[in-house]
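K.L.:
Below, each chain spelled out in residue letters.
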Amino acid sequence: MQPFRKSSFVKKGNDMLIKKIDTKHIVWFQNSNSYLIFEDSTTAIIKKLHAKQPISEIENWCCLKLEIPKNIAKKFVNDLVKLIQKQHQKPCTKVPLLAMRFVTPNTYNSSKHYLINEVSFLIEFETEFLESLIHPKFAHLEALKMKATEYHYQIFQNDEHIIFLVNGKHIGSWSCKDIHLFQGKFSMQITQHTHQKEAHEWLGVFHASAVGNDTNSLLFLGDSGNGKSTSLALLQANGFKCLADDFVPIDAKKQEVYSFPAAISIKKNSLKTLYPFYPKLKAASEYRFKRLQKTVRFLAPNNLDYTTHLPCKALVFIYYKQGIRLELKTISKVKAFEKLIPDAWISPIKENVALFLDWFLKSPCYQLHYSDAEKMIETVHKIFNDDL
Amino acid sequence: MKKKSKNTAKKITRKDAVKKIGNYGKYAALTAIGTYLLLNPQKAQAASPEEPGSGF
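As you go down the protein sequences, you meet chains A and B in turn. FYI, in our numbering the residues of the first sequence are 1471 to 1858. FYI, in our numbering the residues of the second sequence are 70 to 125.
What the hints contain is simulated information worked out from the structure, not anything from laboratory work. All values derive from a computational prediction rather than experimental measurement. One should not assume that every hint holds.
What the hints assert, rightly or not - Using C-beta positions, here's what the derived DEER-type ranges look like: (1) 112(B) - 1739(A): 28 to 38 angstroms; (2) 1548(A) - 73(B): 12 to 22 angstroms; (3) 104(B) - 1577(A): 56 to 66 angstroms; (4) 1485(A) - 97(B): 31 to 41 angstroms; (5) 112(B) - 1523(A): 28 to 38 angstroms; (6) 1517(A) - 73(B): 14 to 24 angstroms; (7) 1666(A) - 97(B): 49 to 59 angstroms.
Claimed, not checked - For lysine-lysine, the following DSSO-like pairs were computed, each having C-alpha atoms within a straight-line distance of at most 30 angstroms: (8) 72(B) - 1540(A); (9) 1522(A) - 72(B); (10) 72(B) - 1556(A); (11) 1545(A) - 71(B); (12) 73(B) - 1535(A); (13) 72(B) - 1490(A); (14) 1490(A) - 112(B); (15) 1552(A) - 72(B); (16) 72(B) - 1799(A); (17) 72(B) - 1518(A); (18) 1535(A) - 72(B); (19) 1489(A) - 71(B); (20) 1518(A) - 71(B).
Note that the Cβ used here is the ideal one computed from N, Cα and C, for glycine as well.
Sequences and hints are given; from them, build the entire structure.
P.N.:
Given below as structure tokens:
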């Protein structure tokens, strides 16, 4: 039996995008919001399938092009059809709004006012624990009590879930294990409200640090512990602007890096390096995260203009390790994409995906390994000044 | 089709590789083009997981 004799796998709504990357192709599937990287010949077959060419013609093309027997070509095409069908059939990856009844508390443990970009917020925390999830990163933005606030956030717990309301609207509920998703949604709401942009106007949010000069910005990427935040703190002590730490939003319209006003999270083992630049860190409160076995202090950003947004000059995959020589090299787009995607939220809207792919493909990607801070700063100057 | 996975990849000698692929060795081009990489972005915006371990 030969299934899939017709190229019928392309159904309405099963959309995809194809872009060239190095010697390969990225294929994005709308239904699953997944990105697959294929070799050129495989992409050629996918295009033929998408154009609804008869399967037998595609198999013949494979025989000639790949110099393989008919039975092998049939199996190969069949496997490819199955793989693509799987992507088309995957359920939509949107996180469902957890449907649950909740009771709004009568009293809150704390109510805090914040002012960001002249936008006023009143945030109410039901418990000290909930406050600890948000306030330390935003303490530098706390303002005196205001008569009127534009945004009223309520954060409380019901039945082992965190509930988040904005101006009385239920934004979401998260269980104990998804606290990082609550914090992500909170950060996204802050971003939308401070920059006055709706959810669909954002291209993505990257797990990175962003630093800028007057005209451009750089994204520092890498695994946790690679030195993204420390590098950002060192650079802001040396004349650069801090745009964002840990949560870097990029808009869809111009693909620019936007300021995110949270403080920089400094781990214990970076303190010694940073004390000469930030003596106040010595007296800063310390927060212990037992499960992750890390202790952090928060450092306020020096750029107080939270309206800042700058084009991205390059993506830099950074790695700090004591004793190593500075090395800066261009890395392949495929390697950079492989590192970038799993940690990022990319808007699943097709138009935004196309913009994201174009933006990524034209952005230079570097790998920077260092131990000497001065040399790293000098290299960052060179990247900004096209002086490599 | 073969999914590329960093976790399961292990180095083998050329001799072992030739033995493994047997008759399919002559279809080396097919082996190469049949390899793909699947990447899924995060389903929602997330912060670095920094929450205290004790939960609520």
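K.L.:
Please go over all the hints and tell whether each is borne out by the structure.
P.N.:
Evaluation of the provided hints:
no.: 1; hint: 112(B) - 1739(A): 28 to 38 angstroms; in the structure: holds, 31 angstroms
no.: 2; hint: 1548(A) - 73(B): 12 to 22 angstroms; in the structure: holds, 20 angstroms
no.: 3; hint: 104(B) - 1577(A): 56 to 66 angstroms; in the structure: holds, 59 angstroms
no.: 4; hint: 1485(A) - 97(B): 31 to 41 angstroms; in the structure: holds, 33 angstroms
no.: 5; hint: 112(B) - 1523(A): 28 to 38 angstroms; in the structure: holds, 34 angstroms
no.: 6; hint: 1517(A) - 73(B): 14 to 24 angstroms; in the structure: holds, 21 angstroms
no.: 7; hint: 1666(A) - 97(B): 49 to 59 angstroms; in the structure: holds, 56 angstroms
no.: 8; hint: 72(B) - 1540(A); in the structure: holds, 23 angstroms
no.: 9; hint: 1522(A) - 72(B); in the structure: holds, 25 angstroms
no.: 10; hint: 72(B) - 1556(A); in the structure: holds, 13 angstroms
no.: 11; hint: 1545(A) - 71(B); in the structure: holds, 13 angstroms
no.: 12; hint: 73(B) - 1535(A); in the structure: holds, 23 angstroms
no.: 13; hint: 72(B) - 1490(A); in the structure: holds, 19 angstroms
no.: 14; hint: 1490(A) - 112(B); in the structure: holds, 24 angstroms
no.: 15; hint: 1552(A) - 72(B); in the structure: holds, 13 angstroms
no.: 16; hint: 72(B) - 1799(A); in the structure: holds, 28 angstroms
no.: 17; hint: 72(B) - 1518(A); in the structure: holds, 21 angstroms
no.: 18; hint: 1535(A) - 72(B); in the structure: holds, 22 angstroms
no.: 19; hint: 1489(A) - 71(B); in the structure: holds, 21 angstroms
no.: 20; hint: 1518(A) - 71(B); in the structure: holds, 20 angstroms
When the structure is compared with the earlier hints, no violation turns up for any of them.
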